[in-house]
Amino acid sequence: MAQTIAQTTTQEAGADSKVAGHFKRNRFAYTAGAFAIAVGAALRIYLDTMGFSVGTDYYSEEFQTYWMPLLYGEIIFMGAFTVILSVYFWMTREMDASKISKELELSRYWKLLGVFTVMGVWAGAIASNAVESDAAWHQVTIRDTDFTPTHIIIFYFALPFLTAMLIPTFIWTHTRLPAYMNKISLPFLAVVVGILMIMPNYGFNEWGHTFFYAEELFAAPIHWGFVFLGWSLFFLVPLAVQLFTNMARLIAETTAEEGDHQSV
Amino acid sequence: MKRMLCGKVGVNSLLASIVLLLLAGDALAHGERAQLASMRMRTVHWFDTQVTPLNVKVGDVVTVTGKFVTSVWWPKHMPSIEETVYLNIGVPGPTFLRLHSEVNGVPMMRSTAFPLGKVYEYTTVLRARIAGRYHVHPLLNVMDAGSLVAKGTWLEVADNESGEPFVNEVTTLPGDTIDLETYGLHGVGGVYFWHVLWIMMGVGYLVYWLATKKELFIPRFIRIREMGDDRANELLTKRDFIASSIFFTLTLALILGGYLWAENKYPITIPLQTGLVDVEPIEIPSGDLEVVVDHATYELAGRSLTMRVNMTNHGDSPIRIGEFLTANIRFVNAEVNEGEFYEGEEMVSMDGLTVSVDYISPGQSVDVELVASDALWEKFRMTGLIHDPDSRFAGLIFYYDDAGTRYYQEVGGSVLPEFF
Amino acid sequence: MSEVQAITEKEAKARALDIKSLDNPKAMKLYRRFDGILILVLFAFITLGIQIQFTLTAGDWDYWIDWRDRRWWPLVSPFTLLLFIGAFTYGIWTRLRLPIIATAVTTLLCLVSWLSRYLNFYEFTHFPMSFTFPSTYIGLGILLDCTLAMTRSLVVSAMIGGGLFGALVYPLNWSFMAPYKVPVEFNGTLMSVADLMGYEYIRTTTPEYLRIIEESTLRTFGGSVTPLTAVFAGLCGIVIYAIFLYVGSWINGLDKYAKRIV
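In order, the protein sequences belong to chains A, B and C.
Residue numbers for the first sequence follow this note's numbering, so the first one is -5 and each next one is one higher.
Residue numbers for the second sequence follow this note's numbering, so the first one is 96 and each next one is one higher.
Residue numbers for the third sequence follow this note's numbering, so the first one is 275 and each next one is one higher.
The hints are simulated quantities; they were obtained by calculation from the structure and are not laboratory data.
Mixed in with the good hints, there may be bad ones.
Straight-line alpha carbon distances no greater than 20 Å define the calculated DMTMM-like cross-link-like pairs of lysine to aspartate or glutamate that follow [to be verified]: (1) C:K294 with B:E310; (2) C:K294 with B:E321; (3) B:K474 with A:E55; (4) B:K308 with B:E329; (5) A:K18 with C:D309; (6) B:K309 with C:D309; (7) C:K303 with B:E310.
Work out the full structure, taking the sequences as your base and the hints as a guide.
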């Protein structure tokens, strides 16, 4: 159904059709990916240096000087990033899908994949750097408040920033790609909502810690909320299937037309 | 790799030292200030905590000794120390090696249980492993309750000039001397060897399926959609079958071979060891003083706890009240001038305790007002007492007879706030 | 002609074009490019997903050598891994006929665990690698994927591969774990090398009693806890893998669009 709409509304196989263009390096993915790695590395170095030196006691002046401003900065940055991009993408949305050429549409899919690549880089950084840093931290320090250095980096930045990237991407996809316009992709929605829900789930986690405030068992049931929400990544498979279907069709059409043009 | 490591450590330590230079003071607490005030007052009373020496080099031995009394005012909502408890040490992870630890003479490799209202003497022997400045806290992990922390003492660990890598050698029962720092990692059949082998197997398998095929995701997707589920298996070639069976056989052979090899190389192995040990408690050395708490008030503005108690001296020597200890803070009666103070000791209020009666003579029964007053209440967030769901306090009163012998006993009860 | 038929006809035409594109080298080049990006993105997210799930369900057993016991670790680890693998495998197998997920998940977990242990447990908190090296499950992943590739059936592979995956955790890791179970005498108490490391390398808030490990002596079966755990883990593996293949089939059917969010 979705595919047919995409097909019928992409009438123009404009003269700008250049398959070669699709082999260009995705500059966005490279620069934004490098930026993501740089931000991750900077945070990591900050954690390594400032974690044990000034980060063990929330009630100390040093903690308020060196860690809380980082937290406020992260929240302001993420909030602004999500809201500004989301509003901008919505305000500048395409009204008429039929005006989008297949060429442009396909190039937007590559762009979308570029954004996913950046998210992938960020996800890899979280997996290798952040997740177990919290585990290691809690094994060797006495738990004090929700605002420990590792939480400030993972809970309040690294994971929510995935959401901060996903929400504008979700809106962009649903306002720029004809196959997604005027409807909602279920698997994409599931991924976004699942990752988004990790933040409210901190409530469950930290509420649990008001009972078991310092037993550092990582397999504890109060942590399983995160596991369940992590399962939203299962929806990447049907989301990939949507991309297979849509992109295959666009590639098939554009390359076939290219061939026809050449043969004429 | 090693150079990179050194570089990173170098940059980190440079940044860390800049940070430390910028700091006005030291971080005095490590999480314990976030614990409820009433909980810190009513669980474990730590005293005589001593860390020696305070300046060491990597490889040197540090001894931590002290005593604690388990409170009979233990909060009912909190899992009790009478179930399962483990003597631990609050340093940031393995910056030290623990060579030995004991409570009342019993080695504490395992967990134990402590009845309430008794005294326990502990010793922990550490060996400095990583250079740095550490706040060393003795602590007890109480099952389902968490870490109950004694006060910390700053300890300076300098690098060892010899620059030789830290080794931690032990001799196993079969007679081999091993270095636990790197044990089992290197060489053929070590952790690195097997992990590299398995990662190569895994990557090799993925390369076969993802990099040697002419058609991958979208083409396969299109073909399967065209063929339908019934015929889709035709996509799997004979070559796939052969490759899979080779990987399957090789994997099974490696698992079995590795297992037999290890069984042969390490014929004597045991399961992980665990279980509780028993510790005989010591009675509290309370003298012949009877203490009945009438009531206690806490002045928010004055940062002071006032206790009105009735004391009866049943002994034959006059008694002087020297100190009140709660939540690791020592409020000392300066007029009595008894009690030991240790090098590097923190959380001591030298004239924090005023007592309305100088001497309690033998046979005398008297109402006494004890005022424990100091800014330390504020600093260690004891003002949070007002926010606790169970506003009660407990602490140890230390007192001395004529001969200077020290006695102590626990007092406790409800505490009312005074706002103005 | 009804509208539905018209759509079907169009769809059929488009699909024919899709098939035709497989002979078009230009299209194939673009498909190839897509492959590279998808592998990167999918593998990165699988890495994050399995790292979060594994650390919060079986992490404690994997962080410390003195947690890897005979009764709980070989049961919990394959359980949580197969759960994750099952959900992905269904979609990737039915849509692409690629038997790669089990190997991918276990290999990626192993790689990311090494990186993470090095950065977080060795660099950040100073534990020696000999105390916190990860376990490996790669061999089990290969066995599961190979049974799927050879039998070409999810059900049969669940029965054989899922069972092997659950059962062989202990033998697979024993090759490098055995030295840590050699006995030592310490303060007159018998300990394994792993126990001694757990005692000497201080974990401030991970006390000895927190370990969920085999505690009692077995009253029967001649003390053969390892093989019995293996068989039970095999059963759990089969069941949980089958259940999450089913979950995967449900999720795989959701490649749909809705008109609005209800």
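| field | Violations among the numbered hints, reported as their numbers in ascending order | value | Going through the list in order, the structure violates no hint and respects every one.
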